[in-house]
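Chains as they are written, first to last, in the UniProt record's numbering: chain A, 1 to 675; chain B, 1 to 675.
Treat the hints as calculated values from the structure; they're not laboratory data.
There could be a bad hint or two in this list.
[Said to hold, decoys possible] Each computed EDC-like pair below joins lysine to aspartate or glutamate, with the alpha-carbon atoms no more than 20 Å apart:
1. B:K180 / A:D177
2. A:K525 / B:D568
3. B:K525 / A:D604
4. B:K234 / A:D177
5. B:K525 / A:D568
6. B:K230 / A:D177
7. B:K180 / A:E227
8. A:K442 / A:D429
9. A:K209 / B:D568
10. B:K491 / A:E523
11. B:K234 / A:E207
12. B:K234 / A:E227
[Unchecked claim] Covered stretches of chain A (in silico footprint by chain B; criterion: 3 or more residues with CB under 8 Å from a CB of chain B, positions within the stretch not fixed):
13. 136 to 145
14. 492 to 502
15. 507 to 521
Beta carbons are placed, not taken as given, at the ideal position from N, Cα and C, and that holds for glycine.
Number of protein chains: 2
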Amino acid sequence: MKYILILLFIPFLSNAQIKQEQLDLMPWPQNINLTAGTFVLSKSFKVNITGNSNPRIFLGATNFLRRLDGRTGLFLEQAFVIKNNEVNEAELQINCVRNGKIGLNEDESYQLEIQPNKIMINATTDIGALHALETLLQMLQNTSTLFYFPTAIITDYPRFTWRGLMIDAARHFQPVDVIKRNLDAMASMKMNVFHWHLADDQGWRIEIKKYPKLTQLASDGYYYTQEEIKSVVKYADERGILVIPEIDVPGHASALLSAFPEIGSKVSNEATYTVGRRSGIYTPTLDPTNPKTYQLLGEIFDAVCPLFPGNYFHIGGDENQGKEWDANPKIQEFKKKNGLANNHELQTYFTMKLIPMLKKHNKELMGWEEIMTKNMSKEAIIHSWKGVNESVSPGGSLVAAAKNGYKTVLSNGYYIDLMLGVQSHYLNDPIPKNAVLTAEEKARILGGEATMWSELVTPLNIDSRIWPRTAAIAERLWSNENVTDLNSLHKRMKTISFRLEELGIMHLRNKEVILRNISNNQETKALRDFSNVCEPLKVYKRNGGGKKYFMFSPLTLFADACTADAFDAYDFDTAVNNYLENKNIENQTLVTNFFRKWIAMNADLISLSGNAPLIQPLLPLSKNLKDISEELLLIIENKKTMNPDLLNGLLEKFNSRSPADVEVAVYANLKKLSQ
Amino acid sequence: MKYILILLFIPFLSNAQIKQEQLDLMPWPQNINLTAGTFVLSKSFKVNITGNSNPRIFLGATNFLRRLDGRTGLFLEQAFVIKNNEVNEAELQINCVRNGKIGLNEDESYQLEIQPNKIMINATTDIGALHALETLLQMLQNTSTLFYFPTAIITDYPRFTWRGLMIDAARHFQPVDVIKRNLDAMASMKMNVFHWHLADDQGWRIEIKKYPKLTQLASDGYYYTQEEIKSVVKYADERGILVIPEIDVPGHASALLSAFPEIGSKVSNEATYTVGRRSGIYTPTLDPTNPKTYQLLGEIFDAVCPLFPGNYFHIGGDENQGKEWDANPKIQEFKKKNGLANNHELQTYFTMKLIPMLKKHNKELMGWEEIMTKNMSKEAIIHSWKGVNESVSPGGSLVAAAKNGYKTVLSNGYYIDLMLGVQSHYLNDPIPKNAVLTAEEKARILGGEATMWSELVTPLNIDSRIWPRTAAIAERLWSNENVTDLNSLHKRMKTISFRLEELGIMHLRNKEVILRNISNNQETKALRDFSNVCEPLKVYKRNGGGKKYFMFSPLTLFADACTADAFDAYDFDTAVNNYLENKNIENQTLVTNFFRKWIAMNADLISLSGNAPLIQPLLPLSKNLKDISEELLLIIENKKTMNPDLLNGLLEKFNSRSPADVEVAVYANLKKLSQ
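Extracted from the complex, chain A is given alone in its bound form (with noise of 0.2 Å):
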């Protein structure tokens, strides 16, 4: 027995060296050395903690052996990490030289060692050997009988010190499951900084104990308690992540303002605000020269900081058109008395107001780039955001911000609610290449944050909305600017999405569950054929002008079950690209084959509406995939002879917009094609 194992062991050894391009590592790790071993997993498996550590390393080993035995089935023999130097002979080794600090510019570096029969990781800090844990765990591979480490030697630190996601909570409410699943989410990709924007003019969602009207009023019963509040900032602690509140002022107020329509700007004592429904800029704003506009802010504030261990306060500042400010004589007045020369300089002399009341909690500001104005402390810290959909050049308020002294985050380009392709983001770099920046004005560009407004996101397509892609963004922000490989980009995001399952995330799943409910319960095969090669409409013309959606309009469409970058327009784009380069019968058969199915899949998208009303909506586009699937299959057969008239039809039609609010990805290939 001993020899017939030896010897089915062999030819595993002898092949085992694996290379780098097979690994499906995000983010790519700053060096990887691998070399010709294995190190393979058994159940007696241990982990063992060393140095200076405490118990984020611990519960961090414990969920990591929880996840590698739920992948692996091997019934790990080691239940519980609690205290250091439990298992001395333990597999894995992890010494931590110090307990880090949750917030920027810690180190968060690490070594990783796979030897064939023992692992170190290396870090300064607990944080850095957290980051460890995930590289080991994405590093697994497997035979088909077994599980195992290729041998390695790996230092990783991050690239950019902030390295962001930020989750709008006001429009669509986002339960402590939905913050907590993405939080883990987040720790696998090496994110550390959650950015919660907890008020907008849709909703009013953190719970302040002196002033109950607040949620009362202005939530509609869907808020966060503080001990809720507690319960997320200690869930991201354990996982390395700060977390920074955001309470959007003195614009995106109605929330606030019709609890407390006294501090609002409109003429009338008696006016009043209503919680928004609709998506869209709001005017009601904050009173700047009401003394009690600072008052109850200052309260506010008293009671949001203490929950928030963090050195950081979001106060928003975006938007604001000043609309109510130039409707009341009493406001204008004020400005001509101060010297306040504009609207922007009077909601400087308001951000100004509210430096002191977060420093006195220890708190930096930090606003969206409207509140960089000429007298703005430099202090504060910029939040860039605006771009081409604002006409402004990309980004730009970054640069500016970090010539003119600030420290400044990167959000333009890293809008996933506009539901673009992962490229556009990935190749979006914080440091513009173009830009002509001294070391010292690059050391002010934090990083990034990618930002989930939640116009048209609910706890069931959240997860979709914020997955895969911002693991892509992740990469960036902690990869060396020279990982940009698009190819290898998609093939490790595959390998990476299905991983977050693990974590709870919920994006696959819940597209199933979107198209159970859209087929009445029939076979979905066709509706996910379809929603392959759908993308949502993009930018805000899904909602354009905010007509379509309201907060409460249902987000259990069709729209809803696809996503950016479809998974088959990526492989169809592949065969297009290979067929035209070289006609051969092979690469014509992938090609070919994508149209038999979306010819079979209109037939029984048409079946399956019998008995389903929301596939109505589906059917044109999905008609229109069809007739020109007939036509090139025609034509790719030698069948018939292209008619580039009859082709330009068909592809006009893909023109209209779908009642679906989606768009086929495959446009530009199927014009490739054409012509």
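Please arrange chain B on chain A, whose structure you already have, making use of the hints.
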């Protein structure tokens, strides 16, 4: 255009009379009278509330609108229902005479009348009205293009006042979101008691502020804060559900004693206890002779009781084998001194001391059937759970309790953790057909409760263990005792199971998650096909003797993707029975299609296993199914004559335990075909 519309509608309306058998209502209402009309839904559909209403029905009506909109995609115009008489002209009028009180014996009846242009709900209490809204959602029908309700008059009320679900949050912790989504599902099945098992050998799950040690030492960090408990109780209240806490004493106390060893029954004063990590019965038991025991329990009750406004408190009381008591001379002496003949009497002594401690908080004591000893107070509620597995007559204690003057609740026969098929639960009536009971005795049988013990249950797989089988139990407890048609049950359960998804129940979606993990992100079709004929080992065979699975073992395995009532087994059963009755070619094809599917599936599994170690344990069983499928296929298609020895040999193979911890659910039908 008008004419065309009318013409289009005529065939719909004239064929509109739906039959009762087509409705997928569950639990089936007491009276339903269908008429020939239809109420067609449009986006202008609105709700109006009248009578003595309250926030519960406003929230219920709002949630109803969102669910209806999520299903239909109609973009309903009404956002929130926040007060009485908001929309007097609304098509749906809900009238409640008075506020319901959460608890037993409340009036839960309702009348639902659907007319072609108007729907009326009349109920004594808002709780009845909430039930009516669930029925209305179940009444929703569709054509190919629209959604409608068939006209009908339904009058409905529950047969039993206790329609419960117990969730064991001790053995595997179940976070708040798991509890809340299951409360939603319970409400949709008109269940009204949530029994929350909060402490057992494997964990103490409720924060006691005076004694933080309990959760620090005995929860591994997994427990409910008092605020979380309150939020669950509130959530349940909003859905008409009473929450009953259970603190299991004097046995099942390893966790409690690991924090407070001084009140344990071990002889030594320096004895220690540890939190349980395995399944099975533990010996650690509270010391009933120690005044400190009562002092501590009193303080725990003082902390727990105010969190639960209901009038019931479950103290467990089960499975105390008295081993520690027998081994402790001091305790033996106490028994002698106090004239307690045996451990039963000692336990009664203990339990009786708890009654006033609970009465102080206006709570009646409830316990598992072991508490029913001769001196037990008649105020206690007896929870009947033992049966064949415990070598006693099924539910025997229920009848005994009713005869002895106790109120009683049935759980024997509703142990959903045993992974038995739904029929056994469905046909288990709380009032046994053969029991001779007076009307008064019958009235003491309050109802029944499904019990979700969590030895093998995590947030990933729990929903598929609870649902849809618990829907059948809910029907048993609500509907007329004559509603027992199994074909109707199976047909309706398919739709009900699907609809539970909209409440966030994860049984369907998480199955795919587990299969994706097993497949190592390959195509899951073959695994899905196999999981649809396999069922996890039943009763306690999967973890016999508690030897295989500990509380930290992986529950991400094939057995966790499989469920009771394997999806394809019922259809195969129908196909085989039809074929054996009439061997025509259609019936033959229905059977042989299964065989072809399983033969192909086995080949696919082998192929997938090349890159998926977790598939290896499935292959022997899959091969057995393929082997007998090939043989029976040849026989049925007359390509071979039957060889009984060969077939018996093939069948015999199914009797070895599969390393995948499952069994095929088609064995009996394979055997039928082999004869």
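Hint check results:
Restraint check for K180 (chain B) and D177 (chain A): satisfied, since their Cα atoms lie roughly 11 Å apart, inside the 20 Å limit. The straight-line distance between the Cα atoms of K525 (chain A) and D568 (chain B) is roughly 18 Å, inside the 20 Å bound, and the hint therefore holds. This hinted pair checks out: K525 (chain B) and D604 (chain A) have alpha carbons roughly 19 Å apart, not beyond 20 Å. For the given pair, K234 (chain B) sits about 18 Å from D177 (chain A) by alpha-carbon distance, which is consistent with the 20 Å threshold.
With a CA separation close to 18 Å, the supplied pair K525 (chain B) and D568 (chain A) stays within the 20 Å bound. For the hint linking K230 (chain B) to D177 (chain A), the alpha-carbon distance of about 17 Å falls within 20 Å, and the restraint holds. Restraint check for K180 (chain B) and E227 (chain A): satisfied, since their Cα atoms lie roughly 18 Å apart, inside the 20 Å limit. Note on K442 (chain A) and D429 (chain A): the hinted pairing holds, with a Cα-Cα distance of about 12 Å set against a maximum of 20 Å.
The hinted pair formed by K209 (chain A) and D568 (chain B) fails the criterion: a straight-line CA distance of about 54 Å is larger than 20 Å. Among the hinted pairs, K491 (chain B) with E523 (chain A) is consistent with the structure: their alpha-carbon atoms are about 17 Å apart, no more than 20 Å. Taking the CA atoms of K234 (chain B) and E207 (chain A), the gap is near 17 Å; set against the 20 Å cutoff, the hint holds. Pair hint K234 (chain B) plus E227 (chain A) holds up; C-alpha atoms about 16 Å apart against a cutoff of 20 Å.
Counting residues of the stretch 136 to 145 of chain A whose beta carbon lies closer than 8 Å to any beta carbon of chain B gives 4, which meets the minimum of three for the stated coverage. Look at the stretch 492 to 502 of chain A against chain B: 5 of its residues bring a Cβ nearer than 8 Å to a Cβ of that chain, three or more, so the hint holds. For the stretch 507 to 521 of chain A, the proposed coverage by chain B is satisfied: 9 residues have a C-beta within less than 8 Å of a C-beta in that chain, meeting the threshold of three.
The structure does not agree with numbered hint 9 stated previously, though it agrees with all others.
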